[in-house]
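S.K.: Residues per chain are reported as follows:
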Amino acid sequence: MPIIKDQRILENTWTFVADDAPLPGGDITVSAQRWTEDKAALSQHAGKLGVRLAPTDNIAALGEDLSLIKLIELNFPAFNDGRAFSQARLLRSRYGYQGEIRAVGNYMADQVFYLHRVGVDAFEVNHPKELELALSAFKDFTVRYQASTL
Amino acid sequence: MYQYNEQDQTLIEERVTQFRGQTQRFLNGDLGPDEFRALRLMNGLYVQTHAPMLRVAVPYGLLASRQLRMLAKVARDYDKGYCHFTTRQNVQYNWPALERVPDLLAELATVQMHAIQTSGNCLRNTTSDHLAGVCVDELEDPRPYCEIIRQWTTLHPEFAYLPRKFKIAVSGSEHDRAAVQLHDIGVYLVRNDQGEIGFRVLAGGGLGRTPIIGQTVKPFLEKKYLLSYLEAILRVYNLLGRRDNKYKARIKILVKETGLEKFIALVEAEWLQIRDSMLLEDERIAAMRAHFAPPAYESAAGSDTELAQRLADDAGFAKWVKYNSADHRVPGYRAVFVSLKEPDSPPGDITAEQLDALANLADEYSFGEVRSTHRQNLVLADVKQTDLYTLWQKLDALKLATPNIGTVTDMICCPGLDFCSLANAGSIGIAREINEALDDMDYIHDIGDIKINMSGCMNGCAHQSVGHIGILGVDKKGEEWYQITLGGSSENEAAIGERLGPAVAKQQITESITRILDVYVQQRLEDETFLQTVKRVGLEPFREKVYANH
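So the sequences go chain by chain: Y and E. Its first residue numbered 1, the first sequence is counted upward by one per residue in the UniProt record's numbering. Its first residue numbered 1, the second sequence is counted upward by one per residue in the UniProt record's numbering.
Just chain Y, same shape as in the assembly (with noise of 0.2 Å):
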């Protein structure tokens, strides 16, 4: 399934990891947990190396390894699940996180426009009819109110 990164089609090189599984090849993310608890393995890994986030992973527990982590997937839930739109924020604004912050899961094409304000720049997408659909969401506003956020 392509992704959608800086407002462009592309094709996805990540694979995410469960826990118990096994490291593949190529471009991997784990969860924060196994991040932690695998540091030494993972940084045998050929290939680049990211973290999944749940919404209630801390932001600061991972510190000094953003530098090595080259992208963050915030993890939806549900779509009303919130708290990556402040991860999001938090990674970008306070912790100076230059990475791919990519939304997956269960979030709606509606939110695009407020996740890619708060600094998500690439997306999952669940579904090829949704591609048009979270691509246009980019220019559902022209305009906004809050000078602190893109």
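Quick caveat, the hints were computed from the structure, so don't treat them as lab data. Cβ atoms here follow ideal geometry from the backbone N, Cα and C, with glycine treated the same way.
Footprint (simulated), chain E over chain Y, 3 or more residues, beta carbon under 8 Å:
#1 78-85
#2 106-113
#3 131-144
Keeping the supplied structure of chain Y fixed, place chain E upon it in accordance with the hints.
M.R.: Here is chain E on its own, set in the frame of chain Y:
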């Protein structure tokens, strides 16, 4: 009042376009009911017992006459010829058809109105004092800050999917007329020891199932930090507020479960990180205050001597002036309450014809503006004393001059079982019954300041828990019963009412209320208000009378 610039106008028009698309996708089956529910709620659209209910925003209760005319037009063209003012100073329509709502919103947008964030788990309409800018006890007009907050909250990308709804109120006067302590965030304009004006910020207040009075989290906040402080509270709440149980998801539960001290520490830590990056500059405040500059009052108005004679000559007029008007900071002017509590009409309702007529009266007598109050009445805030008599006659002809503001028949009432799909019991019918039982205006005036708030269910839209007399509709095996509380208040001495006893049956509620009033009349000392008597004698005398022979 605040006038939209091009950006403001573009934003609400783009929201109409976005909502039109969302509605279309839902109707086509491309958007699931749960997803559409969240999206439509954030645009004020509920699905109710009979039809969708649309809640239109009236930011801090301020309306221009052309907006009133548009509300009338919408009532005629999309509804059944009337609308309803809510306890959040907003307007509700009970009968619009879902597929026509985008068109309705497009019409509202032509007069700088919208339904953005009037429902849903997001930042709601900022409310304020309906006498802001004209009252005699004000430190500073709160409306410029309300508008600054309105803009900050509107489409805030980080806080659109909060654990639960979030309400902010601002007051700048000594007497709290905005129920500030019962909001998720309450803001009072205050002066510190150095003589500077800033804000006292409260958090964790709220009504609903678990009514809690807000607590001070910042005794004095410099003006320039207003938005950064609000943002810090919201970020802490968004990340830590409970999402596992919707009845424990409001910020009041977070504050309670975390503990006030620790909650404040969390907010302060967050605030220190952001406060210098989002300063509210003096120029911005000054520019916003210019939007709320006083109108061109006539300096000669103060030399009026006619009113005293009119008051002496006409007892009906004198009563109306006493109950339905308030002192104004400018000599020769008064603020006039337009009562939406006419006995035969559901509390807060107004017809399209009344709206149109009122718009004309606003143009003629009050600089073209009207305010809505959180007690579901309207205000013409800048009326010349010399115009009062004529205005009274005109309002009376429109059935908008019932002299009952602040009295027992000035009830707050939700739509109840008649309209709302959440309700357990009727409220409008009970309000009518109570009105019928209390048909003697002299008696009503004699018993004075008694606030009855009545909600048809635990959600408490009519703020029953802070009514001097609170009435809560409950369902008992399919029958409508009513729980009574006494001693609540949403003003400076905010208090949650205490339960009188077991719920009473529908056929006994009105008599229970009249018995409560009887007890007050028997027990009161000279000049003692209902609330003071309840405080002094406690609930027992009321209990004895209400539950005798029941």
